[in-house]
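Colleague: Model the full structure from these sequences, guided by the hints.
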Amino acid sequence: MTRYLAGRLALTFLTVFMALSFMFGVLHMAGDPVLLLVPVDSSAEHIERMRVQWGFADPLWVQYGRFVWRACQGDFGTSLKYNLPALSLVLERLPATALLTFASILFAVVLGLPLGILAAVREGRLADRLSNVGSVLGQSIPSFWLGLLLILMFSVTLGLLPTGGMGTLAQLVMPAVTLGLYSLGRVAKLTRSSVLEVLRADYVRTARAKGVRETTVLVRHVLKNAAIPIVTIIGLQMSGLIGGAIVVETIFAWPGLGRLIVQSIQFRDFPAALAAVFFTAVTVSLVNLLVDLLYGFLNPRVVHE
Amino acid sequence: MTTKGWLWSIALCVGIALVGLLPSVAQAGAPAKVVIGLNSDVRNFDPINTLDTTTDRVITHIYEYLFVRDLDMKVTPLLAESARPLDDLTWEVKLRKNVKFSDGEPFNADTVKANLEYIVKKENNSARRVRIDLVKSVAVVDEHTVRISTEKPFPTLLEGLTEIYMAPTKAVAAGPKVLTDKPIGTGPYKLQEWRREQSITLVRNDGYWGSPPQIATVEFRIIPEVTARVSALLAGEIHLTPDVPPQSMDQVAKSGSTEIRTVAGRRVIFVAFNTLQPGPLQDVRVRQAINHAADVDKIIRTVLEGNAKQMVGPLSVISRHLDPKLKPYSADPAKAKALLQAAGYKGAPITLHTPNGRYLKDKEAAQAIADQLTQAGLNVKVQVDEWGTLLDLVKTGKVDGMYFFGRSDTTLDGSMIRDWFRTGSTWVTYSDGKIDAAIDKALPIVNPDKRRQAFYELQAQVQEQAPWLFLWTQVDIYGVSKNLQWQPRGDEQFNIKAAHWK
Numbered sequence: 000m001t002r003y004l005a006g007r008l009a010l011t012f013l014t015v016f017m018a019l020s021f022m023f024g025v026l027h028m029a030g031d032p033v034l035l036l037v038p039v040d041s042s043a044e045h046i047e048r049m050r051v052q053w054g055f056a057d058p059l060w061v062q063y064g065r066f067v068w069r070a071c072q073g074d075f076g077t078s079l080k081y082n083l084p085a086l087s088l089v090l091e092r093l094p095a096t097a098l099l100t101f102a103s104i105l106f107a108v109v110l111g112l113p114l115g116i117l118a119a120v121r122e123g124r125l126a127d128r129l130s131n132v133g134s135v136l137g138q139s140i141p142s143f144w145l146g147l148l149l150i151l152m153f154s155v156t157l158g159l160l161p162t163g164g165m166g167t168l169a170q171l172v173m174p175a176v177t178l179g180l181y182s183l184g185r186v187a188k189l190t191r192s193s194v195l196e197v198l199r200a201d202y203v204r205t206a207r208a209k210g211v212r213e214t215t216v217l218v219r220h221v222l223k224n225a226a227i228p229i230v231t232i233i234g235l236q237m238s239g240l241i242g243g244a245i246v247v248e249t250i251f252a253w254p255g256l257g258r259l260i261v262q263s264i265q266f267r268d269f270p271a272a273l274a275a276v277f278f279t280a281v282t283v284s285l286v287n288l289l290v291d292l293l294y295g296f297l298n299p300r301v302v303h304e
Numbered sequence: 000m001t002t003k004g005w006l007w008s009i010a011l012c013v014g015i016a017l018v019g020l021l022p023s024v025a026q027a028g029a030p031a032k033v034v035i036g037l038n039s040d041v042r043n044f045d046p047i048n049t050l051d052t053t054t055d056r057v058i059t060h061i062y063e064y065l066f067v068r069d070l071d072m073k074v075t076p077l078l079a080e081s082a083r084p085l086d087d088l089t090w091e092v093k094l095r096k097n098v099k100f101s102d103g104e105p106f107n108a109d110t111v112k113a114n115l116e117y118i119v120k121k122e123n124n125s126a127r128r129v130r131i132d133l134v135k136s137v138a139v140v141d142e143h144t145v146r147i148s149t150e151k152p153f154p155t156l157l158e159g160l161t162e163i164y165m166a167p168t169k170a171v172a173a174g175p176k177v178l179t180d181k182p183i184g185t186g187p188y189k190l191q192e193w194r195r196e197q198s199i200t201l202v203r204n205d206g207y208w209g210s211p212p213q214i215a216t217v218e219f220r221i222i223p224e225v226t227a228r229v230s231a232l233l234a235g236e237i238h239l240t241p242d243v244p245p246q247s248m249d250q251v252a253k254s255g256s257t258e259i260r261t262v263a264g265r266r267v268i269f270v271a272f273n274t275l276q277p278g279p280l281q282d283v284r285v286r287q288a289i290n291h292a293a294d295v296d297k298i299i300r301t302v303l304e305g306n307a308k309q310m311v312g313p314l315s316v317i318s319r320h321l322d323p324k325l326k327p328y329s330a331d332p333a334k335a336k337a338l339l340q341a342a343g344y345k346g347a348p349i350t351l352h353t354p355n356g357r358y359l360k361d362k363e364a365a366q367a368i369a370d371q372l373t374q375a376g377l378n379v380k381v382q383v384d385e386w387g388t389l390l391d392l393v394k395t396g397k398v399d400g401m402y403f404f405g406r407s408d409t410t411l412d413g414s415m416i417r418d419w420f421r422t423g424s425t426w427v428t429y430s431d432g433k434i435d436a437a438i439d440k441a442l443p444i445v446n447p448d449k450r451r452q453a454f455y456e457l458q459a460q461v462q463e464q465a466p467w468l469f470l471w472t473q474v475d476i477y478g479v480s481k482n483l484q485w486q487p488r489g490d491e492q493f494n495i496k497a498a499h500w501k
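These protein sequences, in sequence, are chains A and B. Heads up, the first sequence is in numbering that gives the first Met the number 0, so the first residue is 0 and it goes up one at a time. Heads up, the second sequence is in numbering that gives the first Met the number 0, so the first residue is 0 and it goes up one at a time.
Derived from the structure by calculation, the hints contain no laboratory data. Computed from a predicted model, the values in this text were never measured in an experiment. Even glycine gets a Cβ: it sits at the ideal position worked out from N, Cα and C. One or more hints might be untrue.
Said to hold, decoys possible - Beta-carbon label-pair distances, calculated as ranges:
1. A/ALA56 with B/ALA138: 54 to 62 Å
2. B/ALA215 with A/SER192: 56 to 64 Å
3. A/MET152 with B/GLN246: 14 to 22 Å
4. B/ASN378 with A/ALA43: 26 to 34 Å
5. B/GLU258 with A/ALA43: 41 to 49 Å
6. A/ARG2 with B/GLY396: 53 to 61 Å
7. A/ALA43 with B/GLY209: 49 to 57 Å
8. A/PRO228 with B/ALA31: 47 to 55 Å
9. A/ALA29 with B/GLU122: 23 to 31 Å
10. B/PRO105 with A/LEU13: 56 to 64 Å
Modeller: Next up, the structure:
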């Protein structure tokens, strides 16, 4: 187990390093950041001076070497746009991203799991069909459309919820629902198919034959065995939401990581973009590791070696 | 779904709605502050190393200039009391007395010397240097008088000073970066809180030298998505927002509590030709043909729903050197065709580069223009570029054909022609020796009448040579709460100091 963990952590390190190097190359290929950062009417001379000051005049391999050396010491440089340490910009987005990710996953699981089970238990009946339609809708409604629709309905027309921002619980509702709806659909569909599969297993028939109560059968035998794919999909969704909630963050003015990544790429604020990618890569790798470890807990037949 | 399931769903909906009720109850009553919706955050609060519209819109409430533009865009004294030229190369500026920075440091001649000399020193790489680059040195005459020496005659010095903030001497000496998140100014407001990418809250500076502003607190709220921003205005969460899209104007005007206020801005929009590369655009007849082939007025009416004013020549419609006798190119496809024939144009392809979302309806307008040009016999294809990419292409001169672009008429004086057309200026893809000579002759003229005359002649010359397809000066569209007494300004500033509730 220890060897397995050490191996996985080394792999995580390698993944993060490769993600950063790839990002560094792509960003620098996209072009010169100086033009976007200086005022439009700057003189050519001023632009050149800024290029030297920010270190973009050096050959690419020198810039890369400097970046790797500093990154190893935890220094991602100063954000070109904000003139503040890049890593601290990323870290201050963290609570917002964590809160939104957690809330939307919670929404998806709390509604998606029962919906999926219900659909499986009542396979082919009305509840199943409704849940199916709901899941498909949840997955296919574009979030920018749903988000704006929710704002128009709950903020402008009904005046119930604030249009955006972060701070109160009310401000969390619409972003979490918009973001969670897609995951909800996936969780519900996957729960349904996993539960259906287990319901047909021999040991479930045996349990029923022994006269075990249906609720107990569902919780003890079915759910626990159907859990692995469900945990996988939740982990996957979580990885996607960290840094991937760009549309929702933009619509609801939510100060999360996704918006920081997009903005720093638009502005070619390389230090901020790289710090954000570093952080996302680390988190996603760790979530994946956690999901793999959970398998062993859920199903003792999975052995990590 | 079972009955139980339905009950649960309903309970959840009710729960969500109840949670939502909490803040709206707290929001009832008269607004305690003015909330302004912005699409992006300030870069930071350093007044010397930043120069962009969004940052200026916020920090002009904290820092002040020596001179400021009034609502008619006329230059008037602010921290200065008066200015007069002593000779072609020297200005004497008298300063306002009894002005203090919010940390108690007095504002005086030393402040002016420290700020201007820091900004013009090349090694300091100040973004604002471009506004006053001809300033050589500043001499302190007495505590409230300075003499500003310039390298060459600098008739637009005062216009330049309307974009130069005064920071405390101590902060300038320590390096203006100390002001990055702790601004210290002489202005009517102080920074209370900056929640990056969320909001900026300013409170009244009680030690302000002028009459105290009536609005005690101003909050700038960052809402990047335009529909969400308009929704926040309609929901009463914000009271003022710039850049309302034309398609939302009706909704804002009819809501009952909000209205649209517009003003002719100073941003000029055009299609520039790259004449530095070989191709049909090097022929002046082709460039003139394009100006005749485009029906600018029709595009303003249809694509922009009337929210622009057609440019006559190369200057903005609010420039004080705009020649009132100048007439725009007529929309005349037949004339365009004749000019193309005379130029021997055989249908060589011309690319029209355009950004998407940088300027009001830029991509849509570019497509409409391309259609009109195609009807006149030109072979135009539109290429949408990411903004950074387009800047790269223009800066390096590699942009092929023509490009949809905008510039800001910062001086509102004919001298902008230098920045826009003089060979070798940044972002200029045009070169004409005769125009260069005329620019060099007109720029240093100090006498107002002779200067105006020189720029009248120059703009006629530029118009004839057609280095651009002249389009329009943008109209800035604001959505405002009806009960907020506030007037939009041509320079995109908010100036909340002058606002109050009705």
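Colleague: Next step is simple, just say for each hint if it's right about the structure.
Modeller: Hints and how they fare:
no. : hint                               : result
1   : A/ALA56 with B/ALA138: 54 to 62 Å  : violated (36 Å)
2   : B/ALA215 with A/SER192: 56 to 64 Å : holds (60 Å)
3   : A/MET152 with B/GLN246: 14 to 22 Å : holds (19 Å)
4   : B/ASN378 with A/ALA43: 26 to 34 Å  : holds (33 Å)
5   : B/GLU258 with A/ALA43: 41 to 49 Å  : holds (44 Å)
6   : A/ARG2 with B/GLY396: 53 to 61 Å   : holds (59 Å)
7   : A/ALA43 with B/GLY209: 49 to 57 Å  : violated (40 Å)
8   : A/PRO228 with B/ALA31: 47 to 55 Å  : holds (52 Å)
9   : A/ALA29 with B/GLU122: 23 to 31 Å  : holds (29 Å)
10  : B/PRO105 with A/LEU13: 56 to 64 Å  : holds (59 Å)
Of the hints listed earlier, those the structure fails to meet are numbers 1 and 7, in rising order.
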